[in-house]
Amino acid sequence: MVFILGVNFPERNLLKKSLESFFGVGGNTSSRLLARFNIHPTCRVGELANKQVLDLTAVLSDMKIENDLRREVLNDIKRLKETGTYRGRRHALGLPVRGQRTRTQIKTPVRLNRMERRL
Amino acid sequence: MPPRLNLFSANKAVLALRQPTVPSVASRSIALPLRFRAEQTTPAQKRWNSSKKEPNPDEQMFPTQDQLPDVSEEAAEIDRIMNKEKSCDGQPAHPELEQGTPVEEQILQRDEEAMKHMPKVMQQQLKKTKGTRSFSTSTRSNQPGVEDSLQADASAALLADMIQQVNSQALERNPGLKFDAPEIPTKTMNFRKRYDSLQEQFTKMLMQDGKLARAQNNMSIILDHLRTSSAPNPNPRRPLIGGPPAPQLPLDPVLYLTLIVDSVAPLFRIRQVKGIAGGGTAVQIPHPLNLRQRRRAAIKWIIDASDKRRDAQLAHRVANELVSVAEGRSGVWDRRDGQHKMGISGRANLGLAPRRR
Amino acid sequence: MASAWCWSCLSRLRPTTRAFAPTPAATPRITSAPFHSTAVQYANPVKKKSTLVANKYRQGQILKRKKKTKTERARPPAVGERKALRKRIVLSNPNALEIEGMKDLSPETMVDARLRGTVVGLPVATLDRLRAVQAFKPKQGWPIFRRPGTVLRRDTLEMGRLFEKISGDGDALEKGKVVKKIITGSKGSGKTVHLLQAMTMGFLKNWIVITVPDARDLVCGDTAYSPIEGSKPTQYDQPNAVSALLTRTVEANREVLSSLKVSQKHAGLPGLKPTSTLEDLAKLGFQDAALSWKVFQALWAEFNATAAAPGMEKNFEARPPMLVAVDGLAHWMTESAYKASDFTPVHAHDLIFVQHFLSLLKGQSLKNGGMLLYATSTSNNPSSYSLEVGLNQLAARQAGIAPDSEEYPQPENYSKPDSRVLDIFKPDTAKDGLELQTLGGLTRDEARGFLEYFAQSGLLRESVNEEWVGEKWTLSGGGIIGELEKLGRHVRTAAPQPVAQPVAAAN
Numbered sequence: 001m002v003f004i005l006g007v008n009f010p011e012r013n014l015l016k017k018s019l020e021s022f023f024g025v026g027g028n029t030s031s032r033l034l035a036r037f038n039i040h041p042t043c044r045v046g047e048l049a050n051k052q053v054l055d056l057t058a059v060l061s062d063m064k065i066e067n068d069l070r071r072e073v074l075n076d077i078k079r080l081k082e083t084g085t086y087r088g089r090r091h092a093l094g095l096p097v098r099g100q101r102t103r104t105q106i107k108t109p110v111r112l113n114r115m116e117r118r119l
Numbered sequence: 120m121p122p123r124l125n126l127f128s129a130n131k132a133v134l135a136l137r138q139p140t141v142p143s144v145a146s147r148s149i150a151l152p153l154r155f156r157a158e159q160t161t162p163a164q165k166r167w168n169s170s171k172k173e174p175n176p177d178e179q180m181f182p183t184q185d186q187l188p189d190v191s192e193e194a195a196e197i198d199r200i201m202n203k204e205k206s207c208d209g210q211p212a213h214p215e216l217e218q219g220t221p222v223e224e225q226i227l228q229r230d231e232e233a234m235k236h237m238p239k240v241m242q243q244q245l246k247k248t249k250g251t252r253s254f255s256t257s258t259r260s261n262q263p264g265v266e267d268s269l270q271a272d273a274s275a276a277l278l279a280d281m282i283q284q285v286n287s288q289a290l291e292r293n294p295g296l297k298f299d300a301p302e303i304p305t306k307t308m309n310f311r312k313r314y315d316s317l318q319e320q321f322t323k324m325l326m327q328d329g330k331l332a333r334a335q336n337n338m339s340i341i342l343d344h345l346r347t348s349s350a351p352n353p354n355p356r357r358p359l360i361g362g363p364p365a366p367q368l369p370l371d372p373v374l375y376l377t378l379i380v381d382s383v384a385p386l387f388r389i390r391q392v393k394g395i396a397g398g399g400t401a402v403q404i405p406h407p408l409n410l411r412q413r414r415r416a417a418i419k420w421i422i423d424a425s426d427k428r429r430d431a432q433l434a435h436r437v438a439n440e441l442v443s444v445a446e447g448r449s450g451v452w453d454r455r456d457g458q459h460k461m462g463i464s465g466r467a468n469l470g471l472a473p474r475r476r
Numbered sequence: 477m478a479s480a481w482c483w484s485c486l487s488r489l490r491p492t493t494r495a496f497a498p499t500p501a502a503t504p505r506i507t508s509a510p511f512h513s514t515a516v517q518y519a520n521p522v523k524k525k526s527t528l529v530a531n532k533y534r535q536g537q538i539l540k541r542k543k544k545t546k547t548e549r550a551r552p553p554a555v556g557e558r559k560a561l562r563k564r565i566v567l568s569n570p571n572a573l574e575i576e577g578m579k580d581l582s583p584e585t586m587v588d589a590r591l592r593g594t595v596v597g598l599p600v601a602t603l604d605r606l607r608a609v610q611a612f613k614p615k616q617g618w619p620i621f622r623r624p625g626t627v628l629r630r631d632t633l634e635m636g637r638l639f640e641k642i643s644g645d646g647d648a649l650e651k652g653k654v655v656k657k658i659i660t661g662s663k664g665s666g667k668t669v670h671l672l673q674a675m676t677m678g679f680l681k682n683w684i685v686i687t688v689p690d691a692r693d694l695v696c697g698d699t700a701y702s703p704i705e706g707s708k709p710t711q712y713d714q715p716n717a718v719s720a721l722l723t724r725t726v727e728a729n730r731e732v733l734s735s736l737k738v739s740q741k742h743a744g745l746p747g748l749k750p751t752s753t754l755e756d757l758a759k760l761g762f763q764d765a766a767l768s769w770k771v772f773q774a775l776w777a778e779f780n781a782t783a784a785a786p787g788m789e790k791n792f793e794a795r796p797p798m799l800v801a802v803d804g805l806a807h808w809m810t811e812s813a814y815k816a817s818d819f820t821p822v823h824a825h826d827l828i829f830v831q832h833f834l835s836l837l838k839g840q841s842l843k844n845g846g847m848l849l850y851a852t853s854t855s856n857n858p859s860s861y862s863l864e865v866g867l868n869q870l871a872a873r874q875a876g877i878a879p880d881s882e883e884y885p886q887p888e889n890y891s892k893p894d895s896r897v898l899d900i901f902k903p904d905t906a907k908d909g910l911e912l913q914t915l916g917g918l919t920r921d922e923a924r925g926f927l928e929y930f931a932q933s934g935l936l937r938e939s940v941n942e943e944w945v946g947e948k949w950t951l952s953g954g955g956i957i958g959e960l961e962k963l964g965r966h967v968r969t970a971a972p973q974p975v976a977q978p979v980a981a982a983n
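Protein chains in written order, with this note's numbering: chain A, 1 to 119; chain B, 120 to 476; chain C, 477 to 983.
Everything labelled a hint here was simulated from the structure, so no lab data went into it.
In silico lysine to aspartate or glutamate, DMTMM-like type, Cα no more than 20 Å apart, as pairs: (1) Lys16(A) x Asp818(C); (2) Lys542(C) x Asp328(B); (3) Lys544(C) x Asp426(B); (4) Lys544(C) x Asp328(B); (5) Lys563(C) x Asp343(B); (6) Lys563(C) x Asp430(B); (7) Lys544(C) x Asp423(B).
If we strip away everything but chain A, and leave its shape as in the complex, we get (with noise of 0.2 Å):
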């Protein structure tokens, strides 16, 4: 088990899929982590030297993900809301808010817009 921003991940998982169980951090950003501190792509968690996690941890501590990056979208829909704009009242209303039809095909804003949207 190795532990990296606080959460342990078992040894044997991808480093790439590891992190990109961070909110914030998707396939691009992970790929870009892995270059930066030249880990090859398919290296397991495992694998890692001491100094190679502790740089990770640094970085993604530096980085603007899981709660902050979460508090900051919904601050951002608050502030659509408030501000009485199209969009916060798609936002709170659970439709599209980027101007897709309704007719069909709205299962995910029906299940994600909400008053406090989910994320």
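Dock chains B and C against chain A, hints included.
Relative to the frame of chain A, chains B and C by itself:
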């Protein structure tokens, strides 16, 4: 191969040693002027299962069913295989079986030991033909180049006459054709299948989601598994039907597979017929299956049984199940026995069944 | 009086808020979609649904079917089990028939032109070493025969003669020559097996054999990499791959390496004594992956040593020739899957391991003589335009076309060829130039010998005669050996099939 009683047989009988199976081009060139065939090597070790044509499943025979033919018959058979076409006068082109075969032709030529001890008369005859003779008195040369010079001979003129006669006869029978009409292959001969019929049926049943190439790949893994795994140790109560002894089976995986499937194939299925016994109960009536249907049932059972195995790959599961069927351990045997038991008890109901059109 | 609202307007009315909506009793409740223009009361009565079920909110009707019950398997196969099964190499089939009088590949048979077209067995003593250098690949049809064998084709015999010359058995003039070959050929033409034959001959002649069984392993991003400090442009080291290479080399060449002693001083390798053998030297590398590149360099210098450093002459023995075999060259001619720290892709030539082996193609690279065999591959192969052009240029030079003539192949305009790749195929000034060897099909006689091998092993049940071989030779695209192998193992017809007998009816 010319017929025995053709134009030259009188002269040729003197020639002690003739090629019985591989006709020399020279001797053929006059009797069968219209045909030329590339010289073939004799299929000396023709295997019993190497026939190209796939037999109709309903007319199949066991390999041990027919006995070895005698020498003449064998020669005739080889000749028929080698030289399928008939001679121009429609006679079958093989040694006449009624007349038997000269002993020197069939036996002595193959057996050098016997050649040493053969009767003196024959030995002398043999020597005579090899001896140098003045050219003009020799009966006939095998060399095609020399034949032209013989045309002047009276006998040669007679021969040419006879040849013409035969040719004109052939022309009479096939009006408008210079040569014999080509033999039109039957439909089945044109349509040569890549795989054995059972192998194909098994492959198609292995197929999932219409992915035939993957199924074929799996089939080849299965066949390789049968080929490389140790020979089955058959259960005497549940033997494989027919075929060679068990230790030879892995060398012919398709035959092995065929034997396994045919051994557990049920003879009938059970139809549940409602409304003939009254009271809404279904009556079980056995219904005969044809070969393909029987095999389908067996293959389905085998694949179903293989699902319970724990190997990682589908092909390995099926292959292991096949081996366990061959060794009589599989549940497929019980399944078939159960089916047959039901069928036997259901025979009484056959009279009840409405006659089918 | 007629209402001011028409039906269509009514239906467009949406029940927005409770306050404005009329009571349900007063007006017929309209639940149709806003685009619908027909009132509800005219609609047909709702049909009873059988299998078609309206599912959930805003979901279409779906047909519900019984799901196929899945049988429970106890556990999925263990980690790595599937891969192990895929990579497993079986070299023997106890069911296949033993072939009487089959000869082994040996220093005598590998140059014997009379044996051309026959299949010779790989000597049992070399099998373990061949496994160690990963000469066998899983899908080459080894598992169906009694013992691994390989057909002696023209190219094999020529190679055998080269081995003899370089070893100095024939005339001493050729001793210590370096032969550099790039082996190409269509799919299934036996390139990898050609390398295997070379390795076997190398073992038989007591050469040092160094192999890269799959060039892809170094560039697909599966092993660790680290930049080398101070290199410009940045080069990358792959410690685990080098360590694996050292392991392979030691396992395969233990006999040779343990008999040779260190002849120079190597800086930065503290564990090394003046009396250590080359095996000890190599072992330093795979005990500590971080040191591996340094160890490999030291080992390479030892292999190429022609004389000992002053003061260390007493243990010096002449080094044997070397065989370097690489399979799948095209992977080294593109960008690798690795990324530099600024997220630009790393070119394969920037990997120091790759660079080392490619640099051997230039100049007098093997001091003690030997052979470089770099084979291309046609399966799982990246397309590299520059490599294609380079090989064409090489072929043209071999055909006698001067590099400054018009017919000399050049990359097309605007095709952006990789100049680093093209550099490899530039004309070399050294006397041992690069050669291109294209493997084609077997001749008919060789094909016959190969197919007879199947028949003698009991796998093929046909009478192998001229006509039949000719047919198969044509079917295999002119004797492409991989296709011939498929035809040989393919069981087309079975024996007369027994019918399911009614024996069981009596049970």
